[in-house]
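Trainee: Listed below, chain by chain, are the residues.
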Amino acid sequence: MIELKKVTKIFSPPVKAVDNIDLSVRNGEIFGFLGPNGAGKTTTIKMITGILAPDSGSVMIDGVDIIKDPLQAKKHFGFVSDSPNSFLRLKGIEYLNFIADIYDVSSQQRKERIEMLSNRFEITHVLGDRIQSYSHGMRQKIMIMGVLVHNPSVWIMDEPMTGLDPKASFTLKEMMREHANKQNTVFFSTHVLEVAEKICDRIAVINKGQVLFCGKLEEMKDHFKDQDESLEKMFLEMIEDE
Amino acid sequence: MNKKIIVLTKTLMRNSFSFTTDPKKRIRQAMLLAFMALCFLPMVGGLIKFVAKTYDGLALVGEQGVLLSLGMALSAFVIFFFGLFYTMNTFYFSEDIETLLPLPVKSSHILGAKFITVTIFEYLTEALIMLPLLIVYGIKGGQGLLYYIYGSLLFLSLPVLPIVLASAVVMVIMRFTNLAKNKDAFRIVSAIVAIFFGIGVNIFTQKMVSNQGIGQLGDNSLVTTTSAIFPPAKLGALGLINNATLGGLGYICLFLALSLMGFYLFLILGNLLYYKGVTGATVSKSRHKSITGQELSRQTERNPVLKAYVLKELRILFRTPSYFINGILVNFIWPVFLIIPMVIKPKDMSELVQLKAMLQNPTIGGIVIGVGFGIMLMTASINGIASTSISREGENILFNKYIPVSYRTQILAKVITGVLWGIVGMLIMCAVAAFLFDFPGSLVAVISVVSLPGILFANLVGVFIDLLNPKLHWSDEQRAVKQNLNLLFSLVICVLFTGLSIWILVKFHFTINQAAISLISFYALLDIVLYGVLMKKGSALFSKIEY
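In the order they appear, the protein sequences are chains Z and A.
The first sequence begins at 1 in the numbering used here and counts up by one.
The second sequence begins at 1001 in the numbering used here and counts up by one.
The shape of chain A in the complex, shown without the other chains:
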């Protein structure tokens, strides 16, 4: 490959993984990562066990190959979906563009390097889905060396086509929105359009899959059916299944050739669209909006400090494209994911009827409350609004330190901002549950009330985690929210608490009332303690932050 692309890729990667240089902090970070890996270990073990059992079941009817095709199709889809975000961020919102554009390199070099960076990130996602499947299939089927070689080749090349597709969507949209005057707003709108496009693709492919009838089982015939989401998956799966024959080699070669073609197609498309879409991407034009006397009076209204600070936080969250996409938009995406299967498979309504019947059953009422509570807590944590709230300040942290506003007030404002969004996320979920899934109103109301202390908990934890080790040295805003380990750390804590809560509710067969009362009282108490800690210890941490 071209040398310039390799040099650029290296630089971009180094820039993305800007781990701290402080040896003390590095040890702490490594220990936290190890701890988290430990937390996930049982999950991975369970996953492998599950896959192994499924393999046995499928092998009985000679359909074990479906594991591979389904896994590849699923990976391709997930990669495509994340690819929309990744390509948008790395291709367009990243501020390194302004330094890269004046360099004497071709746009295909920049694009190639950025493409590879995105691909490397996607390997992490892919590994979660594909590795257990590949390994279980290999071991259970007693596969030879060739299988593992083909498997590695497939693993490495699988993300290419979905990313090509995702970046094509993004590049076309950006090419045209770049004409707009208010760039930030248009980028936000185009992000929403791109995501809805992604969801549209999902609905379309799922429909295709469900329309395909299932023929005679046996001899891996299901491979074809499941590959409908991502047709090349069939080639890959067949290549792996038939690795012992020459035909297998043919399939693999075909898959690799297809990926290579996709990459070249991407470069051609990029040469046509990228430059025009990206030049001036970070410049915004002034509209010369002067203010009349009346407007001035309105805009200079006096606010209490706390309100002014929360307003500032909300405005910046809303108007910064990467914060909007990663922090605000995700609140709306999860409910959409829940709706999709409803829209495409009306026959599943029977399951819904069953679900409703289950909801009436008092013995599992407690679990329903617990699961609802858990979803709200996760939503509040996963948007990262609290757990990146200090990191997002970046260089501007100096401002927080010289203004005459106590650290308590500033921390409180950040918690409030997060809680507000947690509540918005909760309301959306409740609306979906009530109107689409026809949950009883009283149940939705109980879940909402129970969730409030949970949402507060997620935000208190988030801000505290971010105060411990904020990621302030970033070159562009997306780095503050993406690749920020603090989000992951606080999410792990929330996952543990949610899991534990639900486990207890299940274990002791709590009724709705018992579940609601115990959840509210436990988390309210926890919130009070955490609030006290955050105000005291958090303020001290804030005062020690240096830039």
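In isolation and in its complexed conformation, chain Z is listed as follows:
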């Protein structure tokens, strides 16, 4: 569960990068976070994950305050950032084991999970290679595996589908659904509206630091019910109204 209450972040006054937003992502749901470039998506995600401190407001992960008790809160989520180009000098297996050490995963469990995940993502054959030699998609896969190896209750992912091949993308969506079905939380940002439409239980649309809409897709469609609009059109209209 992720809960944001009246969260604000200002980089260069008076412009508010994130303006007094409230969000609640419940257990058991896949939540899509949509918005144009520079809308405040990444800033919001950085505040949820404790990378940035909000100027005001509070962020709770599974009921733990990330500002007051950061170490405890950080144990509850796994995060995939939008750039998979980190730890390039480590081998795939070294990266996964490092993550497992950091999140204190038992030897038995990490071994089982690494075997299972590398099979599902089909990268068993390169686990002994340095991440540097991986393609963009493979790097993305290993970063996602880095989250799954410690199996946190909350998944936070910034543009996770970027660079994935159709099969891996399908596998990831499948895993997201499985995870949510076990009463866990999946929160991800995306530009691809079709992805949001297919797998999200609820979405939020953010622009210029403010949440314009938060709810089920059907509700959004009801909102525009006089016209039979595509999601893309609704999205564009909503942003332009601002």
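Simulated from the structure, these hints should not be mistaken for laboratory data.
Some clues are possibly wrong.
Here are the simulated lysine-lysine pairs, DSS-like style, with alpha carbons at most 30 Å apart [stated by the list, open to error]: (1) A:Lys1544 / Z:Lys5; (2) Z:Lys75 / A:Lys1106; (3) Z:Lys68 / A:Lys1544; (4) Z:Lys6 / A:Lys1544; (5) A:Lys1544 / Z:Lys16; (6) A:Lys1507 / Z:Lys75; (7) A:Lys1544 / Z:Lys208.
As the structure is a computational prediction, the values presented were derived from the model and not from experiment.
Fit chain A to the known structure of chain Z by using the hints.
Mentor: Only chain A this time, still in chain Z's reference frame:
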């Protein structure tokens, strides 16, 4: 010169000196720089005084010109040596290459621009050696305007030939190592080869110099002898000495022509070698190494967080060529510099005997301990492993901030990594001292023990300085470790502390025991205080870092 080269050079320079845009930080940076300049001022003053005295001494025998030739020869050598690093970094490891290669410019344009960038960096090094010499010679000799014009021309063109030589070495090596599959490893190996080649050149030229007998003194005859290291230095020096005659102009023109020829030779060589060496330099091939069940069990062993973090730091240090060259390799280079004179001038063994006799002398024992301690502290500081430890994270600093590992633990891991390397550097130095210089074992042991708190001190200072203002926005890894002022700041602090410690030991005639006990207790106490500050204030600084 070609317009494209100028445009490229400008861009490359701007990219290298990416000073912070935050006005507050800029003021802080400027103030720190000014403070450091102030610290160096007495040193420069002393240097000029020393040069002036030497000039007077040499002028008595009519050999003052040797200052110029020796200075030029020495500058040329130092430029060549740094040139090996600079050209390797700017020509091959820099990531701007991937953006430059697809541009519609000739490879000679890219090379020309990169060459000029390296040359401009080398001016800083050259200025340290040549400026005092040129100025003292000019003032003391009452030289005219022509001398200063020739002097400036020489100053500007001097680095060209040594850099041509250094880049030729580097380009040949890179051309062939580019064939390898594991690029990083091969680059590291080739860096080591290039550096040993540089040291070989040093030994060779020094041998040549020492083989040349000294003839009749007077009328600047020594100029020829000292120029053996770098023969064109003779032309330059003679040009300056005879600036009033037409012959002087001839020498200068010859020197400039030689440099120009060298530059063109470099471009021709570059056209032949550079592209093939650099294309794909940053791509590495996958070996498709799958892992068997047994290996998997071994590779998925569970480690405590601190150990896992230190391991990660060490792996990245070792496997990233620019970190390896600038952080690890330097630990091995200093001892080699100490060994060189031993190998080439066995007659100096007599001095060594004197040194040993001095070591037995209890009145200077304290100084020996102090100097040994100072060398270890410097080695630990100059490798920059601690003082660039936060900067090296770069964009990845986000990772450090969202993982459930306290900032204390992360800082501690970085300190430990630096201390480990400081100890390795210390052991190498001790081995050199014990086996080559025949230092008594007990003395080496005392110096090692005394040095431990010093090494810890250097690393605590380094990490703290880097936390104050880390250089996180870099486009490629070498920028994190080179041109990182934090290394310089922490080095200055270490130099000040070392200098002060040795001064006190000398001033109060400490014996070995007194020196050892006072150094250990002072630095151990200082370390405890610093550790406390680093854990508290450092963690707070870490939590405030934003990217």
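Trainee: Against the structure, test the hints numbered earlier, and report the numbers of the ones violated in rising order.
Mentor: 2, 6
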